[in-house]
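Protein chains in written order, with this note's numbering: chain A, 2 to 179; chain B, 2 to 179; chain C, 2 to 179; chain D, 2 to 179.
It is worth saying that the hints were derived from the structure and are not from the lab.
Pairs of lysine-lysine, DSSO-like flavour, derived with a Cα cap of 27 angstroms:
| id | chain 1 | residue 1 | chain 2 | residue 2 |
| --- | --- | --- | --- | --- |
| 1 | A | K177 | C | K177 |
| 2 | B | K25 | A | K84 |
| 3 | B | K84 | A | K25 |
| 4 | C | K25 | D | K25 |
| 5 | C | K25 | D | K84 |
| 6 | B | K25 | A | K25 |
| 7 | D | K177 | B | K177 |
In this text, all values refer to a predicted model and were calculated from it rather than measured experimentally.
Protein chains: 4
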Amino acid sequence: MAGLASGDQGPWLTPYDLDDVRRKVPMVYIEAVPLRLGPDGDLEFVGMLLGATHESGLQRSFVSGRVLFHETLREALTRHLEKDLGAMAFPRLPASLQPFTVAQYFPTPGYGFHDPRQHSVALVYAVPIDGEPAPQDDALDFSWFTPEQSQDPLLQGEMVDGHAQLLNLLLAALGKLA
Amino acid sequence: MAGLASGDQGPWLTPYDLDDVRRKVPMVYIEAVPLRLGPDGDLEFVGMLLGATHESGLQRSFVSGRVLFHETLREALTRHLEKDLGAMAFPRLPASLQPFTVAQYFPTPGYGFHDPRQHSVALVYAVPIDGEPAPQDDALDFSWFTPEQSQDPLLQGEMVDGHAQLLNLLLAALGKLA
Amino acid sequence: MAGLASGDQGPWLTPYDLDDVRRKVPMVYIEAVPLRLGPDGDLEFVGMLLGATHESGLQRSFVSGRVLFHETLREALTRHLEKDLGAMAFPRLPASLQPFTVAQYFPTPGYGFHDPRQHSVALVYAVPIDGEPAPQDDALDFSWFTPEQSQDPLLQGEMVDGHAQLLNLLLAALGKLA
Amino acid sequence: MAGLASGDQGPWLTPYDLDDVRRKVPMVYIEAVPLRLGPDGDLEFVGMLLGATHESGLQRSFVSGRVLFHETLREALTRHLEKDLGAMAFPRLPASLQPFTVAQYFPTPGYGFHDPRQHSVALVYAVPIDGEPAPQDDALDFSWFTPEQSQDPLLQGEMVDGHAQLLNLLLAALGKLA
Numbered sequence: 002m003a004g005l006a007s008g009d010q011g012p013w014l015t016p017y018d019l020d021d022v023r024r025k026v027p028m029v030y031i032e033a034v035p036l037r038l039g040p041d042g043d044l045e046f047v048g049m050l051l052g053a054t055h056e057s058g059l060q061r062s063f064v065s066g067r068v069l070f071h072e073t074l075r076e077a078l079t080r081h082l083e084k085d086l087g088a089m090a091f092p093r094l095p096a097s098l099q100p101f102t103v104a105q106y107f108p109t110p111g112y113g114f115h116d117p118r119q120h121s122v123a124l125v126y127a128v129p130i131d132g133e134p135a136p137q138d139d140a141l142d143f144s145w146f147t148p149e150q151s152q153d154p155l156l157q158g159e160m161v162d163g164h165a166q167l168l169n170l171l172l173a174a175l176g177k178l179a
Numbered sequence: 002m003a004g005l006a007s008g009d010q011g012p013w014l015t016p017y018d019l020d021d022v023r024r025k026v027p028m029v030y031i032e033a034v035p036l037r038l039g040p041d042g043d044l045e046f047v048g049m050l051l052g053a054t055h056e057s058g059l060q061r062s063f064v065s066g067r068v069l070f071h072e073t074l075r076e077a078l079t080r081h082l083e084k085d086l087g088a089m090a091f092p093r094l095p096a097s098l099q100p101f102t103v104a105q106y107f108p109t110p111g112y113g114f115h116d117p118r119q120h121s122v123a124l125v126y127a128v129p130i131d132g133e134p135a136p137q138d139d140a141l142d143f144s145w146f147t148p149e150q151s152q153d154p155l156l157q158g159e160m161v162d163g164h165a166q167l168l169n170l171l172l173a174a175l176g177k178l179a
Numbered sequence: 002m003a004g005l006a007s008g009d010q011g012p013w014l015t016p017y018d019l020d021d022v023r024r025k026v027p028m029v030y031i032e033a034v035p036l037r038l039g040p041d042g043d044l045e046f047v048g049m050l051l052g053a054t055h056e057s058g059l060q061r062s063f064v065s066g067r068v069l070f071h072e073t074l075r076e077a078l079t080r081h082l083e084k085d086l087g088a089m090a091f092p093r094l095p096a097s098l099q100p101f102t103v104a105q106y107f108p109t110p111g112y113g114f115h116d117p118r119q120h121s122v123a124l125v126y127a128v129p130i131d132g133e134p135a136p137q138d139d140a141l142d143f144s145w146f147t148p149e150q151s152q153d154p155l156l157q158g159e160m161v162d163g164h165a166q167l168l169n170l171l172l173a174a175l176g177k178l179a
Numbered sequence: 002m003a004g005l006a007s008g009d010q011g012p013w014l015t016p017y018d019l020d021d022v023r024r025k026v027p028m029v030y031i032e033a034v035p036l037r038l039g040p041d042g043d044l045e046f047v048g049m050l051l052g053a054t055h056e057s058g059l060q061r062s063f064v065s066g067r068v069l070f071h072e073t074l075r076e077a078l079t080r081h082l083e084k085d086l087g088a089m090a091f092p093r094l095p096a097s098l099q100p101f102t103v104a105q106y107f108p109t110p111g112y113g114f115h116d117p118r119q120h121s122v123a124l125v126y127a128v129p130i131d132g133e134p135a136p137q138d139d140a141l142d143f144s145w146f147t148p149e150q151s152q153d154p155l156l157q158g159e160m161v162d163g164h165a166q167l168l169n170l171l172l173a174a175l176g177k178l179a
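All chains, please: the whole structure from these sequences, using the hints.
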């Protein structure tokens, strides 16, 4: 996190403030799809977190999180990857911050990807993982799936809205979509 | 703009609200570089607006604007292109919303691209223009420059912070950087 | 086509020469997916040619063709689009020659995309079409399909090897994959 | 290298054959820009080979080489990176074979990038290097340069035609172009 100009408040918001802001402007998010690559760069596994929420029950998802005020995209990627996958995941951040795709989530059901909490615009990155991810606090599990396994409709049905589409775009781009 | 779920407030913020939000989260922006292409797609001209602000005097810039709450990126691109270039510009919106690059602006001088008003994350698109842009309300002029002219250091010195870098990236990608 | 240095032979090869070269090196190809876009850039239709060959019978495909010796990619795109879609198609060539994806075709069955004639590396572009394509000499038909129609397994089964995968990647990138 | 269909000749050509083919069709090339990245993915150094030719004297270049008949792009990248940088370079091949840019080289001076040997179409990749490159047979040296050093006009003047432009495009895309 870069130093803030004097007089600015810090990047953390109270739950009340965040709730208020979320009804006024779209939030900037980063999302990271964890990949396990073979020695020649070929995709071997895609990683997903398993979490639980009151509203939706068990759900699988990629790494996803808000970009804070005055935080760079690279800082946000680093922070969320470590927060979600632990300190031993050793993600390989890309040299370029050109996203793999941009995902839009809206709070209104039936209108694009759905996120009941907010309108967000997410920059999505594919991030090779060299180490061993370990699920952190609010996650129950982290699992690797082969490209074939990841296309199981039951598995994709467990994913948060939008993430199955991101997965299928990635698989198509890597020549792995069945 | 899509219909909002009942109970939500509209996307427009009072100046007070906007000012408040801008100190709390990064703003989502779209930026569009107007291009005039030859019949075979070759870049002939790059377009820039000339505006005036109290703080910075005369400044050249590309089309740039905020994405509103519950507005899609495509809607925001359409709205800002029409607002800045008029109804006769006939921009050719891209089929894919994959941005050409992502630009980050920070309110702290000396830290990345500088925007004294806010921290913003801008999705940047190159947009071919078929019609005749006309500068609207707060712009004094709209001009086309050849790739060579656009690399004049004096001209680039008149551009808002970050836009000369976006221009040079675009010229490099199109094989036009001197 | 640019002027050739004196002493060079022209870019056209005799069938015998071409046959010989095709067993020695990979061929450079361009492929273009014809798109019909709405006023805001949204994908409305994808276009396909219907052709007939002795070996494979009726087959659907996108525009595809070889890059000649000393021909630029832009020249090859222009030439093949006009040759396959006619003079009234009015394709919108992209400003950037960054391909949408790269497709590899091999003469050995069961090894990547299959092309019995050769090994080729194809740079694939999505090309909006403003006019009215008309099938030329060796094509029987040109048809537009909605994104939904284009995902019909029967239709995709009629496509030349590799093109259904290109189509699905494009649909995924544009948020239209079912 | 995949197994070849029986009856096909192998991918290696005699010098006479290669010379012949080079006057008939464009050659498919891969090029790789070696990068040294910091722990957060930030660009620290760009790597260049120093070679010597009869015609041009000392010249700096990135990794570059021909794709053989029936060789995949990934196989060609792996082969040329090992051939030019040695077995201890440990390049990180990308998951996606979407190139960073496409470069076109022509044998006619004054017409695009110049390569007196041939017309080639090169798919260019940025490849992070984890290990220690060592110049092989026909190279005299391999050196790392900071983004600032790599923009020295004298250094760029030593690069083979086209590679300074690729370098500047990469630096612009990574926000490092002065």
